[in-house]
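Asker: Sequence:
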Amino acid sequence: MTKHYEVATSDFGWGCGYRNCQMLLSSLQALGHPVFGEGCSNPDVPLFDAIPDIYKLQQVLQDAWLAGFDPQGAEFFGHRILGSKEWIGTTEIYCLLSYMGIKCYIVDFYKPSGPNGSHPALFNWVESYFVGDNDSEVVYGSGEVRRIMLTRKLPLYLQNQGHSRTIVGIEYRRPDVRGDGSSSSNASMSFDLLVFDPNISVLE
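Quick note on the UniProt record's numbering: the sequence shown kicks off at 1 and runs consecutively.
No lab work stands behind these hints: they were computed from the structure. Warning: the hint list may mix true and false statements.
What the hints assert, rightly or not - Here are the simulated BS3-like cross-link-like pairs (lysine-lysine), alpha carbons at most 30 Å apart as the crow flies:
#, residue 1, residue 2
1, 85, 56
2, 111, 153
3, 103, 85
4, 85, 111
Unchecked claim - DEER-style ranges, computed between Cβ atoms:
#, residue 1, residue 2, range
5, 104, 66, 37 to 43 Å
6, 66, 116, 43 to 49 Å
7, 125, 43, 18 to 24 Å
Keep in mind that this is a model prediction, so the values were computed, not measured. By construction, the Cβ of each residue, glycine as well, lies at the ideal position given by its N, Cα and C atoms.
Using the sequences plus the hints, can you model the full thing?
Answerer: Here's what the structure looks like:
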């Protein structure tokens, strides 16, 4: 379960990276990750009894730099980010999570892979991530047509120029696509990304 976090007036225009980080952490909290209560592999990282706010995330990121994580990023920010309104992106989220003992990696789709600036390679990778194995549970539907499936896969942090979002799943556009990723004859496999955008209120 991933909780949606949206930017507030105090971090409008620069806080999306932190809000997406909170979304990632909310899914870890729901799965009972040891950083919430029991401790993580890095004894220097404080335990959280709740999702950390932006100031706390900045503190942990700065501590990660001090510990030697991402020296290039630390130099870029002058080794200090606590209390600032600087944007952060993929490498800072990776640095922060790695310091907390959370295994993660970066996949870079640095240029379009399809016509008209489209990114089919990115979409195919995301689909493979969410439906590429049997780590799922049917919660609605039966037989060959599985309408809704839950997975224990963690959400994905998606960064583009100037903004970031959190991908929590995919939605096939055709109702006759099976939950295991296969389809009936001649069925389209087109799908949309299910995205939590910190700049958009859940009420919208």
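Asker: Take a quick look at whether residue 85 and residue 56 sit within 30 Å of each other, Cα to Cα.
Answerer: The given pair, whose Cα atoms are some 14 Å apart, holds under the 30 Å limit.
Asker: So does residue 125 sit 18 to 24 Å from residue 43, Cβ to Cβ?
Answerer: 34 Å, violated
Asker: Using the beta carbons of residue 104 and residue 66, state whether their distance is inside 37 to 43 Å or not.
Answerer: 20 Å, violated
Asker: Holds or violated: 43 to 49 Å for the Cβ distance of residue 66 and residue 116?
Answerer: 45 Å, holds
Asker: Can you confirm whether the C-alpha distance between residue 85 and residue 111 stays at or below 30 Å?
Answerer: At roughly 28 Å apart (the allowed maximum being 30 Å), residue 111 and residue 85 satisfy the hint.
Asker: Regarding the pair residue 111 and residue 153, is the alpha-carbon distance no greater than 30 Å?
Answerer: 26 Å, holds
Asker: Within a Cα-Cα threshold of 30 Å, do residue 103 and residue 85 meet the stated pairing?
Answerer: 27 Å, holds
Against the hints set out earlier in the document, violations occur for numbers 5 and 7.
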